[in-house]
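Residue numbers (the UniProt record's numbering), protein chains in the order written: chain A, 1 to 348; chain B, 1 to 348; chain C, 1 to 348; chain D, 1 to 348.
These aren't lab readings, by the way, just hints derived from the structure by calculation. Check before you lean on any hint, since a few could be wrong.
No copy is singled out in the list; a pair is fine if it fits within one copy or between any two copies.
Derived DSS-like pairs: lysine-lysine, alpha-carbon spacing no greater than 25 Å straight-line [unchecked claim]: (1) K239 - K164; (2) K221 - K50; (3) K50 - K200; (4) K280 - K261; (5) K33 - K46; (6) K299 - K50; (7) K40 - K200; (8) K200 - K3; (9) K226 - K169; (10) K200 - K95; (11) K239 - K221; (12) K43 - K280; (13) K95 - K40; (14) K44 - K3; (15) K299 - K239; (16) K137 - K239; (17) K43 - K221; (18) K169 - K50; (19) K208 - K46; (20) K239 - K50; (21) K46 - K261; (22) K221 - K40; (23) K141 - K95; (24) K239 - K261; (25) K169 - K40; (26) K299 - K95.
4 protein chains.
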Amino acid sequence: MDKLRVSLLGSTGMVGQKMVRLLSSHPFIELAKVSASPNKVGKKYKEAVKWIEEGEIPEAAQDLTVVSTSPEDHRDVDVVLSALPNELAEDVELKLVREGITVVSNSSPFRMDPEIPLINPEINWEHLRLLETQRQKRGWKGLMVKNPNCTAAILSMPLKPLLKYGLNKLVITTLQAVSGAGYNGLPFMSIGNNVIPYIKGEEDKIPKESGKMLGELQGDKIAYVKLDAVVTATRVPVKVGHMGVVTALFNSPVNAEEVRKELMNFGAFPQDRNLPTAPKHPIRVLEGEDRPQPEIDVKAEGGMAVSVGRIRQEGDSIRFVVLGDNLVRGAAGITILTLEVMRELGYI
Amino acid sequence: MDKLRVSLLGSTGMVGQKMVRLLSSHPFIELAKVSASPNKVGKKYKEAVKWIEEGEIPEAAQDLTVVSTSPEDHRDVDVVLSALPNELAEDVELKLVREGITVVSNSSPFRMDPEIPLINPEINWEHLRLLETQRQKRGWKGLMVKNPNCTAAILSMPLKPLLKYGLNKLVITTLQAVSGAGYNGLPFMSIGNNVIPYIKGEEDKIPKESGKMLGELQGDKIAYVKLDAVVTATRVPVKVGHMGVVTALFNSPVNAEEVRKELMNFGAFPQDRNLPTAPKHPIRVLEGEDRPQPEIDVKAEGGMAVSVGRIRQEGDSIRFVVLGDNLVRGAAGITILTLEVMRELGYI
Amino acid sequence: MDKLRVSLLGSTGMVGQKMVRLLSSHPFIELAKVSASPNKVGKKYKEAVKWIEEGEIPEAAQDLTVVSTSPEDHRDVDVVLSALPNELAEDVELKLVREGITVVSNSSPFRMDPEIPLINPEINWEHLRLLETQRQKRGWKGLMVKNPNCTAAILSMPLKPLLKYGLNKLVITTLQAVSGAGYNGLPFMSIGNNVIPYIKGEEDKIPKESGKMLGELQGDKIAYVKLDAVVTATRVPVKVGHMGVVTALFNSPVNAEEVRKELMNFGAFPQDRNLPTAPKHPIRVLEGEDRPQPEIDVKAEGGMAVSVGRIRQEGDSIRFVVLGDNLVRGAAGITILTLEVMRELGYI
Amino acid sequence: MDKLRVSLLGSTGMVGQKMVRLLSSHPFIELAKVSASPNKVGKKYKEAVKWIEEGEIPEAAQDLTVVSTSPEDHRDVDVVLSALPNELAEDVELKLVREGITVVSNSSPFRMDPEIPLINPEINWEHLRLLETQRQKRGWKGLMVKNPNCTAAILSMPLKPLLKYGLNKLVITTLQAVSGAGYNGLPFMSIGNNVIPYIKGEEDKIPKESGKMLGELQGDKIAYVKLDAVVTATRVPVKVGHMGVVTALFNSPVNAEEVRKELMNFGAFPQDRNLPTAPKHPIRVLEGEDRPQPEIDVKAEGGMAVSVGRIRQEGDSIRFVVLGDNLVRGAAGITILTLEVMRELGYI
């Protein structure tokens, strides 16, 4: 089997570096090109990057020459993965897709576009069918696939199996890691020994993106789920790992033990096909009363599983705490897994 | 006016030291005696304490000789303040009260006792009237007054003015500081760069103690308010300042602007009488969308005011974030203010 | 006595805010004007600043209108204090001085200029006499006085009384707080849970600036002390407080007890005249074997005293640990104290 | 080749857990038994341990039954590894050795005993020959081998290749991680946002233990190197990674470039024999001016390599910064590597 050759936009950023590391040992995806900002173009990757990932820069990436984001620099790859900053992504990605290049992207523009699939693989891999509609209606020569906001990626996991119980209202408080704001996103002086109870834009994205992902594909449209969710997003002095404290109100009592089993047994196409980046158990259910914790649980299954603990029932409500790796399940890993699914389904 | 002479149990602990500092400049309370564990008895305070409060040990306290917790060591003071650890407090405090000594205490035993007032001064100073019942029914020669759990002290403040709108349900997530577990409560290795989503005992205490404090004194009994509250208590790597993210569901829509005004104008007996430890505004309402924050807001009004921000309405719910100093409003300061109220009302 | 009217450049930065707070209760210096970057000019201070100092913005400053750095905006004050970033300071300060305005500045340009006094008041207040030379030789209409780098300000304090013993060589490791790099200087992701063993420019400045400050004024020149010092400057995840671990090698053994006394008794003109910002004891000598510590000692005497501990002798070497508040003794406070000395000596 | 069967004392502690994880994938050492404190004896390992290492408890260890420290519980293993707390180690280890069991131990008692080898494998593997003397003179039936203090293990690495240049004096400041004090060693309240410039016992151990390890084995004795070293040991709020800032004074100038090469090329018996836990390059030399850093460099070669940066020469001195993983090179890994060497040399 030939390897998929990919190029990576935003390869020197924090999420980009994570992808470089994850791809370095991938069985069938080969990192063929790396792209970064104009002042780095032409340099070798090892000279262009200020490496902050654990371990050394993977050998295969060290001597890649940094290219631009222009389509001409990406014609000879199978797919472009994008870890671009949101403010740059819109123009660059659109231009690539129009020129016939397929893009799988982590950035926020177009996420809510009704003809662009927003994929969290275990939840809505079937939405990739939307690509056919996209091709017909948009007249793009390439395909565009998006991944969700990091917190939505994590929170939507346990919501999926709960949907069928008649979810009525969600009250969510998030405790999000500093890396979610980017490597330079928050100064030590502002977040060290502190909590900032607000993250711009985040509180809206979570229910909106989750509502799209959890929707059913009906014909050539997604029937969005309207989540009556209130979210308060806070930033805590933790490096990696977004936590959500979730109170789910249902129309009638739901059994906590049943929920526990549903979550533990949750799995989908990526697990069925045993895809290389798929976690065996996308949702780990923890019994310890003081779990999940970022320092202990965030790296479970290489950061691709989310951990759920403290499942409790009171009357019509179910409460739990969920934790996930915002850089892997929430960003670099989800993109790679999406690409694996696309290939398995023949979109690439 | 003669000064009130007090002795202080648990004087070398973190809350004890805070009291020593607060009392050092008090206009009419004099720290006459300090008590600590048996191995420190007989030493000078400055030799017995490992001082961690800011600044030097107050001069008046430095050379006090540490005494035991036995009643004979506290006969010649007007009141005993207690910052004892919970596990020691029950026996010691009971013995003192039986021997005719009045105790105002921060420790947890007896807090839910129906004949012992649990005082957060601005909220339920009137509950001190219960002391008359206590005297009659218990036959103690002294009086016993309790202060609430530190988180309950902070959260109950904004709940008081909201009660009248017909509070239906509360969903609360707390982000609590490490000092709430005591100076040695949590190792750096466990809470540094981490969140622990569980605090033993805390989730029950908050609604129970708040329900008692918010209740009305009817005859010689408090009619507890039954709060339908679910609390998830988390520990975050912050030294001082407990935060609560509160979603309050009402029976009908409540106007956020009105709530804002109610909170801003909140005040009671301690403010009316201008007591020395009373904050001018017990509740600060902040407009900045990213406030309150422990590093900026916790010391407002010397730590005696709580700060409320992000007040928002959606349908029948009001949401907000509240922050308070767990060592001052939540412990040392609330005890001193309680004593000030007791004296103003003639109980001492 | 008329108050000195000052204006403050860089008033919205971290050091600027510290000066605003310190000046708000000053007995004879009045903050008359605040200046900040062009996009803030014309706004009220309270709207221009993102206040991070403890407590509220001082009332007297809240409604000051932000002015530019141009000389015409500062003609009616007695002195301009500068907390400008280094890269902006050179041009702005020079223009002001040429136009007849006296500037006392924290910024780095001109610090090593032989005709500009570099003042750490207790150490070299006498260097202010250099202003007469400055006036003659430079032909400036105003005067320019500089304060040292924050670490040099702290380290030079205990070196002064040691000089006379025949200092041969200094080996210094610093553990510096994050605030020394400015509020936005270091991202949480880079310094949280980390040590960075390098601070650009710092290792040279410390011996050079100290050598100038410790020099004797001979006629109209300072005879710089050539310190044979090697410095390794590290950044640690601490918000405020620069620590230096100092090994001083002498030509012959020096008695530790004698050093202890010299340091404890150290004082100079600011102490003699009891100037308002002068600490009573510029050097606190601590006996506890695990002191000084930033969390306990940095605020001693309002941040104007440095703390020295662990004084030990081995053969010809004396070792100790010194700690100081990099924002007060190292920046905002040293500038105000310098101004107090200048006024006392009649330079203003 | 048969596997070596080992039992592990102190298996539930932080270092013990690290050993359990490292041994779980070892090619020829099998963890056969785990021992812990009396109240855990009889439980399964997975029930006795509060697992804090990354990932799940290794399967092979989960169901091991915890045994006591008594010799009868360790008769059927080839070696006992000890990660016991210092205060318990002396009696337990002595008893085991007397009863014929070979012990390789991390604990501090007996480290300076002239007949007990203190092994940092790359530095002094040849000292294992001392075991023959030990056997003759002590009359123990088993053998006792010690590993050094974690900081001495790290610092001694770069000192070894420097010795030959005529080391005259060492001035060392350490910045040590909190894990060095044990998992419960330091409360968050004391070390968070702080530096504690003192670690009990540490400053003496470093030169003493290094002097023993760096000594030459002459006949049946080690000729200790007398290091004229002054050490100031500080604790910084970092979880893992001890750093040393080293100034080495020589009798004559030493070329920095030559030192760099010596360090880079350093290697010994463990590298020659390609032992499984041996790092390829025991000393990594880093070029970046702001390296090494705990967050980036501590896990190099699985934590078994130390990282050296900022090598500089001034006159007769060479300065550098060294960093190592205190839990792997400084504790769990060094013990396992020592055992590998012992087996390779036929001592087991």
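> Given identical chains, is K239 near K221, meaning Cα to Cα at most 25 Å, within a copy, between copies, both, or neither?
Replying inline: neither (38 Å within a copy, 50 Å between copies)
>> At most 25 Å between alpha carbons: which applies to K299 and K95, within, between, both or neither?
In response: For K299 and K95, the Cα distance exceeds 25 Å both inside one copy (36 Å) and across copies (41 Å).
> Is it within, between, both or neither when you check K208 against K46 at 25 Å Cα-Cα?
Replying inline: The answer is neither: 39 Å in one copy and 36 Å across copies each exceed 25 Å.
> Are the CA atoms of K226 and K169 at most 25 Å apart within a copy, between copies, both, or neither?
Replying inline: both (10 Å within a copy, 22 Å between copies)
>> Checking an output row: K221 and K40, CA cutoff 25 Å. Within, between, both or neither?
In response: Neither. Shortest intra-copy (41 Å) and inter-copy (49 Å) distances fail the 25 Å Cα cut-off.
> Checking K50 and K200: alpha-carbon separation at most 25 Å within a copy, between copies, both or neither?
Replying inline: Cα proximity of K50 and K200: across copies only (17 Å, versus 27 Å in one copy).
>> At most 25 Å between CA atoms: does that hold for K141 and K95 within a copy, between copies, both, or neither?
In response: within (10 Å within a copy, 60 Å between copies)
>> Checking an output row: K43 and K280, CA cutoff 25 Å. Within, between, both or neither?
In response: neither (39 Å within a copy, 29 Å between copies)
>> Regarding K239 and K261, is the shortest C-alpha distance of 25 Å or less found within a copy, between copies, in both, or in neither?
In response: Close neither inside one copy (31 Å) nor across copies (36 Å); limit 25 Å.
> Within a copy, between copies, both or neither: where do K200 and K3 come within 25 Å Cα-Cα?
Replying inline: Answer is neither: 40 Å inside a copy and 45 Å across each miss the 25 Å cutoff.
> For K137 vs K239, is the C-alpha pair at or below 25 Å within one copy, between two copies, both, or neither?
Replying inline: Classified as neither: same-chain Cα gap 42 Å, cross-chain 54 Å, threshold 25 Å.
>> If the cut is 25 Å between Cα atoms, do K44 and K3 qualify within a copy, between copies, both or neither?
In response: Only inside one copy: K44 and K3 sit 23 Å apart there, 46 Å across copies, limit 25 Å.
The structure does not agree with the numbered hints 1, 2, 8, 10, 11, 12, 16, 17, 18, 19, 22, 24, 25, 26 stated previously, though it agrees with the rest.
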